[in-house]
Amino acid sequence: MTAAGPAIVVEQLVREYRKGPRAVDGIDLTVSPGEIYGFLGPNGAGKSTTVLMLTTLLPPTSGRASVGGYDIVRDGSHVRASIGAALQEAALDAILTGREHLLLQATLQGIPKATRARRAQELLERVGLTEAADRRVGGYSGGMKRRLDLALALVHSPRILFLDEPTTGLDLQSRTALWSEVARLAHDEGMTVFLTTQYLEEADALADRVGIIDHGKIVAEDTPAKLKAEIGNPTVEVVPADLSRAEEFAQALSAFGSPARGGRGSLTVQLPGGEAQLADVVRVLDAAGLHVASLHLHQPSLDDVFLAKTGRKLEGSAEDENEEPAAAAPARGRRRRGR
Amino acid sequence: MAAELGSTPANGPGLLAQIGAVGRRSITRTLRQRALLIFPMLFPLILFAINGSALNAATRIPGFPPVSYRAFVLAVPFMQGALFIAVTAGIDLARDIESGFFNRLALTPLRGAALLAGQLGGAFIVACLQSVVYLLVGLATGVGIASGVGGAFVLLALSIVIAFGFAGVGALIALRTGSGEAVQAIFPLLFVTLFLSSASLPRPLIAVHWFREVATYNPASYMIEGIRSLVITGWDGRALALGFGFGLALVIVSLGLASGAMRNRLVRT
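Same order as they appear, the protein sequences are chains A and B. Per the numbering used here, the first sequence starts with residue 604, numbered consecutively. Per the numbering used here, the second sequence starts with residue 12, numbered consecutively.
Hints are computed from structural coordinates only; laboratory data are not their basis. Glycine residues also receive a C-beta, built at the ideal position from the N, C-alpha and C atoms. Please note: incorrect hints may appear among the correct ones.
Covered by chain A, according to a simulated footprint, are these stretches of chain B (three or more residues, beta-carbon under 8 Å) [stated by the list, open to error]:
| id | stretch |
| --- | --- |
| 1 | 35 to 45 |
| 2 | 113 to 121 |
Computed far set for chain A versus chain B, every beta-carbon distance over 10 Å [what the hints assert, rightly or not]:
| id | residue |
| --- | --- |
| 3 | Asp628 |
| 4 | Gly629 |
| 5 | Asp631 |
| 6 | Thr658 |
| 7 | Ile686 |
| 8 | Ala780 |
| 9 | Glu840 |
| 10 | Gly868 |
| 11 | Ala882 |
| 12 | Leu893 |
| 13 | His899 |
| 14 | Gln902 |
Model the full structure from these sequences, guided by the hints.
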């Protein structure tokens with residue numbers, strides 16, 4: 604990495620797939636050394652495609668980016684030497700043991716033979732897999748696989764770590780353990796972490812700054828606190844008792860703003876006058892003869908930021924068809940190399 | 012640890028070290044999946060046992076070599092075993108692509124040639140093991156090797172070359188498609204290729220004209236005849252040259268195409 608320069612710089616990065624829209628549509632971002640950058644967005648927003656480009660596994664269609672001071676197109680091998688990555692699926696070999704994975708990775712990363720075993724043991728201890736080290740990975744739980752995945756990404760002591768939805772599918776305990784290790788890496792060891800997630804609480808808990816991506820574009824970027832402060836007003840989420848009357852609910856709630864639809868038939872609207880307007884909402888719905896199954900007042904969250912920036916709630920706003928599946932990402936024969 | 016951050020070289024270890032690391036993994040995988048070792052090895056032996064005894068009447072056809080039918084068809088299990096190796100080698104590679112493990116390897120300084128060569132390490136071990144087993148089974152069932160002990164070693168070498176060539180075909184399909192199912196789907200096609208060869212009868216004795224023509228143009232015939240010559244004839248320079256020639260050609264073509272497919276698959280900037 605160039606002396607005190609940014610860890611990651613992205614300028615107008617674009618990735619198009621044939622017969623499809625732009626998965627990543629001209630994004631710009633900068634990540635400082637030692638920072639945890641949360642890349643938040645629904646499935647299909649372009650998060651994984653961005654990570655694949657930044658880790659040199661997918662050539663961009665246009666734009667430029669540098670990672671660790673190296674250009675991702677011209678200096679791919681230097682970029683790879685600077686980074687560690689745990690991609691969307693924990694890509695492990697079920698037949699090998701955890702220790703064998705680490706030794707293989709250490710060998711391929713060029714770590715001297717004399718120190719490989721020590722390095723493997725060190726990482727196994729760090730991620731709490733010492734007891735399971737010599738068991739085949741096929742018998743590991745999801746959380747253990749993710750922890751091994753993280754250890755593998757750290758084998759060669761990278762300066763920059765890419766984590767693509769590292770806690771998807773994990774239980775709360777495993778998720779929390781992974782969060783604390785990621786935080787420790789950044790805060791104690793000065794590692795830069797680029798983390799994609801679709802979990803708001805993950806971005807909120809971990810990230811120093813958050814970039815919200817939707818339809819391949821970054822729609823907001825700042826610290827979680829500033830993003831939430833920008834929104835300011837609370838929102839009210841209403842679930843109609845009779846879902847067939849959702850249109851009437853939408854019409855009634857439009858008196859406060861433009862209602863957004865979420866999961867389970869819910870409608871959410873911002874209250875420009877603050878939480879004092881909650882009583883008005885109840886009165887309006889009552890006057891219209893609309894009965895509610897539930898009604899919740901939410902203080903501003905990153906979900907509200909997403910709602911304010913995109914007009915949709917993050918939950919249930921996936922658009923899988925736009926994004927190349929991560930598991931298929933290596934399958935870039937001629938047909939998938941883009942334009 | 013922070014002080015060591017980013018300390019690994021961009022070029023990584025040497026080519027041989029890379030091949031060794033990937034090859035060790037491939038061999039470990041193969042040896043731990045005994046079902047993948049035993050059943051593909053067993054199936055050709057079952058066919059050998061059935062055909063070797065049930066079709067012995069074929070030896071009465073005028074012009075048939077003066078040997079038992081078992082001796083005549085001993086070459087076939089070597090070929091069938093090679094076809095199974097094509098499938099297992101291909102599926103192993105396809106599984107890595109499907110699971111994302113290939114991506115993990117792509118993020119290291121690993122070179123494509125090392126990955127391909129190393130991945131075929133398991134196939135090489137299986138080829139060696141099954142060739143020895145087929146030879147021992149042949150000897151145990153009373154088949155003599157006309158070319159003697161030296162011929163037996165040449166037979167093993169030829170069968171390993173052929174198996175490696177077919178492993179390259181499996182790897183090629185895996186790299187082109189990235190799908191284990193696609194690799195499995197080629198097996199019937201390869202099996203038909205074997206069926207349309209001189210596996211069951213000497214080419215001049217195949218009565219159906221089109222079948223004889225196809226068998227004559229089918230390279231598999233010459234690979235089988237190369238192995239067979241060592242068992243029933245002795246040292247037949249022409250048969251061996253053709254057997255090794257087609258076997259090596261298969262290795263060169265399949266691995267050459269697989270290397271190209273690897274370059275496309277291993278797209279890194």
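- [ ] Could you let me know if the closest chain B CB is still more than 10 Å away from the CB of Ala882(A)?
- [x] holds (52 Å)
Task: Non-interface claim for Gly629(A) versus chain B (Cβ beyond 10 Å) - done: holds (19 Å)
- [ ] Could you check that no beta carbon of chain B comes within 10 Å of the beta carbon of Glu840(A)?
- [x] holds (37 Å)
- [ ] Compute the least Cβ-Cβ separation between Thr658(A) and chain B, then decide whether it is above 10 Å.
- [x] violated (6 Å)
Task: Reported absence of Asp628(A) from the contact zone with chain B (all CB gaps over 10 Å) - done: Nearest chain B Cβ is 20 Å from Asp628(A), so the label holds.
Task: Outside-interface status for Asp631(A) - nearest CB in chain B farther than 10 Å - done: Asp631(A) is indeed farther than 10 Å from all Cβ atoms of chain B, at 19 Å.
TODO: Take a quick look at Ile686(A) and tell me if its Cβ sits farther than 10 Å from every Cβ on chain B, holds or violated.
DONE: The claim breaks: Ile686(A) does not keep its Cβ more than 10 Å from every Cβ of chain B (closest is about 8 Å).
Task: Outside-interface status for His899(A) - nearest CB in chain B farther than 10 Å - done: holds (38 Å)
Task: Verdict on chain A covering the stretch 113 to 121 of chain B, criterion of 3 CB contacts below 8 Å - done: holds (count 9)
Task: Check on Ala780(A) being off the interface with chain B, judged by Cβ distance over 10 Å - done: holds (19 Å)
Open item on the list: Just want to verify: Leu893(A) was marked as not at the interface with chain B; is every Cβ pair farther apart than 10 Å?
Closed with: holds (48 Å)
Open item on the list: Please check whether the stretch 35 to 45 of chain B has three or more residues whose CB lies within less than 8 Å of a CB on chain A.
Closed with: holds (count 6)
In summary, the numbered hints that this structure violates are 6, 7.
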